[in-house]
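S.K.: As they're listed, the protein sequences go chains H, B, U and A.
Quick note on numbering: the first sequence equals residues 4 to 344 in the working numbering.
Quick note on numbering: the second sequence equals residues 4 to 344 in the working numbering.
Quick note on numbering: the third sequence equals residues 4 to 344 in the working numbering.
Quick note on numbering: the fourth sequence equals residues 4 to 344 in the working numbering.
One thing to keep in mind: the hints can contain errors.
Same chains, same label: a pair holds when it works inside one copy or across any pair of copies.
[Stated by the list, open to error] Straight-line alpha carbon distances no greater than 25 Å define the calculated DSS-like cross-link-like pairs of lysine-lysine that follow: (1) K133 x K222; (2) K227 x K163; (3) K46 x K227; (4) K316 x K111; (5) K316 x K121; (6) K133 x K316; (7) K301 x K319; (8) K261 x K48; (9) K121 x K227; (10) K121 x K319; (11) K227 x K133; (12) K163 x K121; (13) K121 x K301.
Derived by calculation from the structure, the hints in this document are not laboratory data.
4 protein chains.
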Amino acid sequence: MLHFDSDYMEGAHPDVLERLIKTNFIQTPGYGTDIYCDMAKEKIKSVCGLPDADVFFLVGGTQTNATVIDSLLPPYAGVVAADTGHIAVHESGAVEASGHKVITIPNKSGKIEPESLKALLVSYHSDEAKDHMVYPGMVYISHPTERGTLYTANELKRLKEICTEYDIPLFLDGARLGYALAADGTDVTLPYIARHTDVFYIGGTKVGALFGEAVVIPKKGRIKHFVTMIKQHGGLLAKGRLLGIQFDALFTEDLYYKISRHAVEIAARLEEGFRAKGYTMMYGAPANQKFVLLENAKMAELREHATFEIWEKYGKEHTVVRFVTSWATKAEDAEKLIELL
Amino acid sequence: MLHFDSDYMEGAHPDVLERLIKTNFIQTPGYGTDIYCDMAKEKIKSVCGLPDADVFFLVGGTQTNATVIDSLLPPYAGVVAADTGHIAVHESGAVEASGHKVITIPNKSGKIEPESLKALLVSYHSDEAKDHMVYPGMVYISHPTERGTLYTANELKRLKEICTEYDIPLFLDGARLGYALAADGTDVTLPYIARHTDVFYIGGTKVGALFGEAVVIPKKGRIKHFVTMIKQHGGLLAKGRLLGIQFDALFTEDLYYKISRHAVEIAARLEEGFRAKGYTMMYGAPANQKFVLLENAKMAELREHATFEIWEKYGKEHTVVRFVTSWATKAEDAEKLIELL
Amino acid sequence: MLHFDSDYMEGAHPDVLERLIKTNFIQTPGYGTDIYCDMAKEKIKSVCGLPDADVFFLVGGTQTNATVIDSLLPPYAGVVAADTGHIAVHESGAVEASGHKVITIPNKSGKIEPESLKALLVSYHSDEAKDHMVYPGMVYISHPTERGTLYTANELKRLKEICTEYDIPLFLDGARLGYALAADGTDVTLPYIARHTDVFYIGGTKVGALFGEAVVIPKKGRIKHFVTMIKQHGGLLAKGRLLGIQFDALFTEDLYYKISRHAVEIAARLEEGFRAKGYTMMYGAPANQKFVLLENAKMAELREHATFEIWEKYGKEHTVVRFVTSWATKAEDAEKLIELL
Amino acid sequence: MLHFDSDYMEGAHPDVLERLIKTNFIQTPGYGTDIYCDMAKEKIKSVCGLPDADVFFLVGGTQTNATVIDSLLPPYAGVVAADTGHIAVHESGAVEASGHKVITIPNKSGKIEPESLKALLVSYHSDEAKDHMVYPGMVYISHPTERGTLYTANELKRLKEICTEYDIPLFLDGARLGYALAADGTDVTLPYIARHTDVFYIGGTKVGALFGEAVVIPKKGRIKHFVTMIKQHGGLLAKGRLLGIQFDALFTEDLYYKISRHAVEIAARLEEGFRAKGYTMMYGAPANQKFVLLENAKMAELREHATFEIWEKYGKEHTVVRFVTSWATKAEDAEKLIELL
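Let's have the full structure, built from the sequences with the hints guiding it.
M.R.: Encoded structure:
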C-alpha cells in the first residue's frame, strides 16, 4: 500500500531524531526556559531577518491557532477567515470555545482575496447595526492554504495594507510553511512574511519534526503574557526543550528548506505524471499537496493500492482527492503511484 | 550543579526512546488511529483490570485536566478541588477559560478530606440561595497530591461513595501516578483506582516518556465525542502514534512501575539522609517528592550547588523547599546532595 | 415623522401598564418566586395545552437565545441556524461567547428548509473527518423569521422529525411569536409549536410588554438547573414579578392574540397600499413586518418623513427596506405612510 | 407578615412609575439611543462631577458585573475580589462563564483591606511560577459590601493607589450605592468615587427603579465597543428608554439620595430598637442592611411574623440574620418588627 494521505505519517527527520537522542540525558529546566529553545529562537529570528522578534514554541497547529487568536482578539471581536480555513472547518470549534466567532469570507482557491476582505470591512463599518454584530478584529490566512495554493507577495502586501488601514492584525498559519517557501515560482520569503504579518508560525509537525510549531511575533512585546496564554490553552510543554532541540536541528544548515524542497519536487513529479495520463489537476496547488479530479470508479480502484484523502464531491460521477508528499516521501513511491493511474 | 527541581528534566527513558527510533519510518495514519495506540490501549486496559474501558492519549497535564473537566461538567457546574490543587493554582486559569469555576476546599496535607467534601456538598444543597451559586458538579483530586501525599484506599473509597451519593464524577489527576503506585506502604493500586474513579489519567511526561498522558475512562462511553473535545482543546496530536509508541513501551515488562520504583527508592534515601542530619520533613510525602524545612541562610547556600523548588515561606526564618527524583535520577547525585546538607 | 422602524418604540400596552401600577406596592419575594409568575405560568401552560411544562421568564431575546442554547448544547456541539438567523448576525457573538459555534445553512426566505437541514446532518455524519468538526447539536429557528416569513405546520413537523431522527433538540425563537400566530393563513398554533419543538419562547418585548420573554419547555425537567443558567447569563431579574405581572396581563382575555392581530391587520393594509402603488413586496412576509423594494432616490425622499430600517442593497439602484407595525401602531399612521409613497 | 428580606420587594418609586406612565406612548428608537437616556446620562455625569464620562445603562447587577469584568480583563487575567464578594459567591459563576477566574482575598467585614490587596499583588509578581498562574488583572469591590459595610475615603484612595501602581483597574459595584451615600458618617461621595475608580455603577434596581444599573466610566473611551459587549452579554434592553426614563427620574431633584436616606434612617431606627432590646449587631453595617445575632429558637419564632434572610450560622445555638430596608419600607413596619423582638 502506498501512503499519500498526509505529511505526518512518519516520525521525525533523521537529523532531528539524532539531536533528540544526543541530548536525551542532558538536564534542563522545563517549559521552554532551556538553552536549546534559546538557540532555536536565535536561528529563527536570524532566518526571518528579525533580530528583535518574540519566538515561542507550541506543540500543534490547532492549539497554536486557538492560542494566538484568543491572545489577539478583544472580547467583542471575531477572526476573519476563508470559509475553507482550517479554523473554520476542521478545528472542532476551538476558536469559538475561547469565545470568538469565525467570520467567514467565500474563498478563492482557498485564499482570501484582498478585495473581499476590504468589502467585508467596509460593510461592517458602514452598517447601522454594527454595534449588534461581531467586530472583525483580526484576519487569519494559511500559507499554503487548505487547497494547496499560495499567496503572492502582492496579495500578502495588499492584505496587510488593508489590515493596517483598519488597525487589525494579520495572522498567518504556516503549518506547512516550509512547502510554501520551497515551491516553484513563489515570490514570498520568510523575511517577506515577517514584514507583512503581525504573527505567523513555522510549522514543524508536518515538516520534519515529531511535533512543534514556532510562533513568530515580529514586533517584540506585541502579545503580552503569551506564556500564560500558552499554558492556559494547554500548549506549554513540560519538556519544552524538545521543541527547541527540534527547531534548532531544522534551522541548522538549511535543513527546513532542503527537506521541504524534496517534498515539493516529488509533488511536482506526481503532477507531471497525472497530467501525462490525462487527469485534471484542481485549484492550482504548487507545493506539496496535489488535488486531482477522479472518476468515482477509478477512485475506488485506486483506494485498494494507495491511501489519500477524499476532498470533495464533484458532480455525481467525480471526486476531488488529495495526494500529499513530505520530507519523507520516497521518489519510488511517487513512480509507483503514477503507474497505478 | 545537582538538579532536583522536577521530574521532567531529561528526555525519555532509553527503552521509550529506542521504540521511537525503531518505528520512526513506519507510516501510520494520524490522530491516534494507528496500531501503536491500539496496542498501548490494550496494555493499559489490561493492567487496570478494565477490559471494556475507553483510553485516550493527550500530550500534557494541564491540557488533560482542562479537557476532561470541560467534558464532564454541565455549563452550570464547577469542579471541586483542594485549594492546593494544580488546577486551582498552577494552570493559568485553564478551567475557568472553558467557563467553569474551581470550587476550593482547604486541603489537608494536599488532600481533600472526605468529610470536608461531604460538608461542602451538604452546605450547597441546603443553601436557600443555591440556584445563585455554582453547582459542585465533579471532584478533582491528584494522586500523588501537589504536596507529595497519597490517598489511602479507604479515603479514595469514601470520596467515591460521596460522589456517588451526589451523582457527580470523581476525576483523579495522575500526572505522577507511577510514583504513587510504587510508594512504600500504599494500598492503592491501578485496578483499585479504576474501580473508584470515573476518569483518571496515567502520567507519562513525568514518568519516562518525552510527553503524554493516558486518560482512562473505566465505563466505556461515559464521555461522548471525547476526540472532538481533545481536538477542541488543542490536545489531539497529529502524529498520535508517538503517544501510543511511548505508552506501549512504558507498559511493556512492567517498565512504568520499575522506573517509578527507582525514583521512590532514591527519594527515600534522600529523606533518610535529611533526617539523619536533623532536618524536618514536611507533609509526610512518601513518593518521589520530598519537602524539607530549611533555614533561609542554609537554603541560599544550598542553591549554589543544587537546584530545587521553593515551595512556601514558613515563618520569617524558614522556607519549605521541594526535592524531586525521577526515573532518571542517579543514586550518586542523591548522595552528593545529602553530603551538601 | 412616522415611525415604522420596529415593534419596540413605545412602552407597554395599557392593560399591561395598568397591572404594573396596581401591583406596585405589593411586596413579593424576588427572582421569579412570586405568585404573579406562578399565575402567568399557569396561563401560558394552559394556552399551550401543556399542563406539565416548565415555563421561565427572561428579560430579552438575545439573552434568552444565549441562555437556552448554552443550556442545551454539550461542549463539543454547535447550533444550526439559517445564515440570516438573529443569532448568526445580530447578537454580537453571544452564542460564541458561551463557547459554541453557530453553524449556518443558506436560508430560503429566512427559513431553514427541512431538506437543507437533513443534508447538513447527513454530510456531517458521513464525513471521515467529523471528529475534527463541530457537532451539529441543536437547531435554532425563528418564527416569524428575520425576513418576516412563517413556517408552515408541515415544515415545522418535518424539521422536528429530522431533529428526532438525529436526537437533537429544536428551539424556536418566538420574539415576535404573537404576530406569527395572528397572521392570515398560518396553520401553526401555540399548541402545535408546543408539540413540535423542544424549547420555544413567547416574546413579550415586541408584543405589548415593557420587556420579557417566556421560555416554554414542553417536557418538564428537560433542562436542568435552568435558573442557575439564567442567573449565570445575567437574565434573572431581581424583581422577577415584573415579568409575571406582564405575562399574566398579556394572557388574560386573549390580549396577546388581540394586540398581535391588530398589528397584522395594519401591516396587511400597508402591503395593500404599497401594491396598489406598484411597489414590489419582498420575501412574502405575512405578519407584522413588510419588506418593500424601493428605488434609492425614493428611499431617500421617504426618509425625510418616515423612519424604517434599511434591510439590504438590491442591485445598484434599489434597496429593500422594512416597515414594522405593532400593537401600538395607529391605523391613521399607516394611511399617512401609504400617501407618502 | 412583615417583610425585610431585601430591597427589591416592591415595584418602583411613585415618581419613577409616574414618569414611565407619562412617556408610555412616546415613540423612540431602541437600544438606548433615545433622548431619555441622553438626559439621564447628563444628569448622572453632572452629579458625579464628570462632564466627559461615558455612561451606559444595563438591566441588572450580575449582568453588569459580568459585562464590565469581561470588558476590562485581558484573557490571561482574573479579577480580585473579597471571598464574600457577590461575584465570588452569588452570581452562578457568571465571571468564570466568560473565561475569567475570581481570585479571592479573605474579607475583613466584607471589605478588601488595602494591605491584603498589596500583599496578593506582591506575592504574584514575585512568584517564580507566575507565568503559570492567573494574572490579577483588576479589582472588584462592592460599596456597600455584602456585609453592609462601607469603605472609607482613605481606604478607597489607598486601593486606587495600589491599582495604579500595578496598572490595573478598580471597579466598584454600586448595586446599593444610594444607601452607602446616604449613610451616617460616610466620607465617600459620588464625585469621590468617580475620582478613585476606573468603572463603577449606580444601582437602580434596589434604589427606587423597577430595574436598571447605570455604569459610569470616568475616563471616556476607557472601554471600547462597550455597547457590543452589553449586547453580547444579553444586557442591551430593546426598549432602552425605560432605563433612561427611570434614571432621569431618580436623578431629578435629588430623588435618589432622598429615598436612600429614608431607608437608612429606618434601618438606623431598627438598629436602635435591636440594641435597646439587648441584641448583638454584627459587622458594623451603617447603611440599609442590618445584621443581628439571634438565638436559633428566637429566629424560628420571629420567622412566623417576619421574613428576613439567614446570613450564616454562628456556633451551634445562634444565627446571623439580615434585615433590609428600602425606599419603600414603612416606618410603622419597623416599629412592629422591634416590638416582635
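S.K.: For each hint, tell me whether it holds in the structure or not.
M.R.: Taking the hints in turn, this is what the structure says about them:
no., hint, result
1, K133 x K222, "between (30 Å within a copy, 23 Å between copies)"
2, K227 x K163, "both (22 Å within a copy, 23 Å between copies)"
3, K46 x K227, "within (23 Å within a copy, 39 Å between copies)"
4, K316 x K111, "both (18 Å within a copy, 23 Å between copies)"
5, K316 x K121, "between (31 Å within a copy, 17 Å between copies)"
6, K133 x K316, "between (37 Å within a copy, 16 Å between copies)"
7, K301 x K319, "within (14 Å within a copy, 47 Å between copies)"
8, K261 x K48, "within (19 Å within a copy, 43 Å between copies)"
9, K121 x K227, "between (28 Å within a copy, 22 Å between copies)"
10, K121 x K319, "between (36 Å within a copy, 19 Å between copies)"
11, K227 x K133, "between (28 Å within a copy, 14 Å between copies)"
12, K163 x K121, "within (11 Å within a copy, 40 Å between copies)"
13, K121 x K301, "neither (42 Å within a copy, 29 Å between copies)"
The structure is inconsistent with hint 13 alone, although it conforms to all the rest.
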